[in-house]
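Given these sequences and hints, build the entire structure.
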Amino acid sequence: MVSLKRHFKFLIFVAIVAVVVVLSAFSFTAMWEDPPIIPGSGVTEIRMLSEWLPSIEGTMLDTEVYVINGSEEGGKFLLLGGTHPNEPGGTLAAVVFIENVSAISGTVYVIPRSNHSAFTHNDAMEGSPQFFSIQLPDGSQRVFRFGSRRTNPISQWPDPTIYLHPTGATLGGGEVSNLNRTFPGREDGYSTEKVAAAIMNLVLEEEIDLVCDLHESSPEYPVNNAIVFHQDSAELAIMTQMMLEMEGVDIRLEESPVNLRGLTHREIGDNSDAQVVLLEVSNPSQGRLRGKTTEDLVTKGIDKFYLQASKDGKLFAPYDESGYPLDLRVARHMATIRVLIDSWNMMFPDRMILLSDIPPYEGLVDGLGTYLNPVS
Amino acid sequence: MKRLLIVLLIIGVVSVGFAADGTEQGFVLEEPVAVTSAGQSPGALQFTVVAKMVKLEYTFEKLLSVETVDISQFKTLVLVVGASGKGLGAANIDIEAEILRVKSLAEAAEKSGVKVVICNLEGESRRGPSSDRIVTELAPFADAYFVKSDADQDGFFTTFSEKAGVPLATFEKTVDLKDVLAEYFGK
Numbered sequence: 001m002v003s004l005k006r007h008f009k010f011l012i013f014v015a016i017v018a019v020v021v022v023l024s025a026f027s028f029t030a031m032w033e034d035p036p037i038i039p040g041s042g043v044t045e046i047r048m049l050s051e052w053l054p055s056i057e058g059t060m061l062d063t064e065v066y067v068i069n070g071s072e073e074g075g076k077f078l079l080l081g082g083t084h085p086n087e088p089g090g091t092l093a094a095v096v097f098i099e100n101v102s103a104i105s106g107t108v109y110v111i112p113r114s115n116h117s118a119f120t121h122n123d124a125m126e127g128s129p130q131f132f133s134i135q136l137p138d139g140s141q142r143v144f145r146f147g148s149r150r151t152n153p154i155s156q157w158p159d160p161t162i163y164l165h166p167t168g169a170t171l172g173g174g175e176v177s178n179l180n181r182t183f184p185g186r187e188d189g190y191s192t193e194k195v196a197a198a199i200m201n202l203v204l205e206e207e208i209d210l211v212c213d214l215h216e217s218s219p220e221y222p223v224n225n226a227i228v229f230h231q232d233s234a235e236l237a238i239m240t241q242m243m244l245e246m247e248g249v250d251i252r253l254e255e256s257p258v259n260l261r262g263l264t265h266r267e268i269g270d271n272s273d274a275q276v277v278l279l280e281v282s283n284p285s286q287g288r289l290r291g292k293t294t295e296d297l298v299t300k301g302i303d304k305f306y307l308q309a310s311k312d313g314k315l316f317a318p319y320d321e322s323g324y325p326l327d328l329r330v331a332r333h334m335a336t337i338r339v340l341i342d343s344w345n346m347m348f349p350d351r352m353i354l355l356s357d358i359p360p361y362e363g364l365v366d367g368l369g370t371y372l373n374p375v376s
Numbered sequence: 001m002k003r004l005l006i007v008l009l010i011i012g013v014v015s016v017g018f019a020a021d022g023t024e025q026g027f028v029l030e031e032p033v034a035v036t037s038a039g040q041s042p043g044a045l046q047f048t049v050v051a052k053m054v055k056l057e058y059t060f061e062k063l064l065s066v067e068t069v070d071i072s073q074f075k076t077l078v079l080v081v082g083a084s085g086k087g088l089g090a091a092n093i094d095i096e097a098e099i100l101r102v103k104s105l106a107e108a109a110e111k112s113g114v115k116v117v118i119c120n121l122e123g124e125s126r127r128g129p130s131s132d133r134i135v136t137e138l139a140p141f142a143d144a145y146f147v148k149s150d151a152d153q154d155g156f157f158t159t160f161s162e163k164a165g166v167p168l169a170t171f172e173k174t175v176d177l178k179d180v181l182a183e184y185f186g187k
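Line by line, the protein sequences are chains A and B. Sequence positions in the first sequence follow this note's numbering and run 1 to 376. Sequence positions in the second sequence follow this note's numbering and run 1 to 187.
One or more hints might be untrue.
Said to hold, decoys possible - Sample of chain B residues at the chain A side, in silico, Cβ under 7 Å:
hint, residue
1, 32
2, 42
3, 45
4, 46
5, 49
6, 52
7, 63
8, 86
9, 89
10, 125
11, 174
Don't read these hints as lab results, they were simulated from the structure. Just so we're clear, the structure is a prediction, and the values are computed from it rather than from any experiment. For each residue, glycine too, the CB sits at the ideal point set by N, CA and C.
Given below as structure tokens:
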């Protein structure tokens with residue numbers, strides 16, 4: 001009788017575990033589906049990253065490359081979003097670009113989910129939301145994922161204790177699943193290195209002139225609201241900063257350290273003829289000082305702990321009661337891209353990249369939903 | 001280079017004027033100019049871009065040092081202050097070594113009769129304990145300050161300028177530095 005009772009309790013326990021596992025599985029796998037991106041009329045072709053590295057075809061690593069081709073010859077520009085999928089301002093700026101911008105001359109390649117695998121999960125122990133949504137003027141919602149800084153362990157596991165970068169530099173083992181530490185990549189290396197290698201192949205084979213990698217950073221991090229530039233891109237970055245400043249958008253400059261390996265602005269710059277910059281904008285849902293990490297924090301950026309930190313002078317970005325909303329973060333990125341391209345065109349008129357319909361700063365600040373296409 | 005000059009000219013034409021609230025009549029600076037960073041932020045690079053706008057004759061080295069250059073060959077030494085952890089790390093030096101380097105330069109300049117200009121070109125974003133310490137260490141050698149206005153909201157640079165009786169020229173936007181340079185260098 002006692003044995004039967006014990007077995008019954010065990011069966012109940014197993015059943016509860018099974019229910020939790022099944023429900024969790026539904027929750028986890030919900031992130032495996034890509035939310036739609038609705039390309040604007042400027043997109044002339046959608047290719048896959050695996051075209052530049054066939055070994056990633058059919059895996060979680062493969063991702064779309066949206067091509068915006070002008071009718072006239074010109075320079076070639078690669079825009080990377082989602083290198084870190086827990087930095088939604090970068091992803092959303094790339095999506096807004098795809099859904100609005102057209103080219104008159106030159107070609108733009110946009111990869112909105114550069115580390116595609118890292119969009120399919122989020123960071124353990126961070127309490128981050130899996131999804132967040134943006135309201136459109138017609139009342140509908142667009143849903144996006146709040147992913148991870150690192151590649152999904154399903155794609156790459158285990159990571160080594162120490163990551164030996166192709167240059168010989170050593171990094172913490174976890175950095176081998178951080179796309180922005182694995183450039184220029186290895187075609188036969190770790191999964192994340194393969195993604196970097198594919199992007200590097202794209203840069204070289206398509207003869208990209210200019211690369212811009214979109215990121216966000218914690219408000220307490222010194223490199224904030226900034227353009228990080230490879231030394232060969234110094235004049236372009238400085239020109240962009242000065243022109244933005246004249247428009248009332250303050251942005252600081254940081255030169256890419258030569259000894260900090262694996263980053264886009266270092267390795268693409270060192271291994272190609274492209275000029276490379278990385279943009280940072282302040283994201284309160286990412287930092288260590290934040291309170292409860294809700295969808296509202298991701299989109300509105302209002303957090304009482306960051307407000308206090310700001311009052312105490314501990315932040316490297318402006319912060320007040322109005323927070324640091326996603327609308328503003330995307331607006332800053334888009335304004336910087338526009339001025340970067342303007343600066344490029346002034347400096348390299350023979351490799352002109354003429355774009356139209358770039359959403360204006362003020363319009364995006366008022367609501368980026370206006371610049372997202374409804375899902376039919 | 002030609003392309004860059006065209007761009008700089010365009011920016012120069014559309015830029016707004018500066019506020020030279022600390023300029024003193026009769027104080028002039030001369031070329032050639034040695035430019036270096038004091039803290040390894042990109043401010044010194046920005047200075048060189050603006051210097052090109054007014055065709056200033058300058059030599060730029062991030063890590064200009066008394067060991068590698070005879071400072072007396074210049075008429076003016078511009079120290080662009082801005083402490084950057086990334087920049088210092090990339091140069092493999094710490095803040096103490098950086099302060100030692102720029103102080104040695106300023107001392108050598110003073111001995112050789114070379115005018116020393118302390119410049120903040122990145123505004124409030126380069127105000128902090130390390131940057132302020134660099135300015136404080138260099139202040140005894142300063143002959144002039146060129147400072148972006150938002151870096152002096154608390155009167156930090158004004159205090160040094162008034163104490164030493166040396167001019168302070170402030171400007172609103174980075175590009176407005178060209179007007180300060182034009183005035184002080186007679187361009």
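Worksheet item: Looking back at the hints listed earlier, which ones does the structure fail to meet?
Response: 1, 6 and 7
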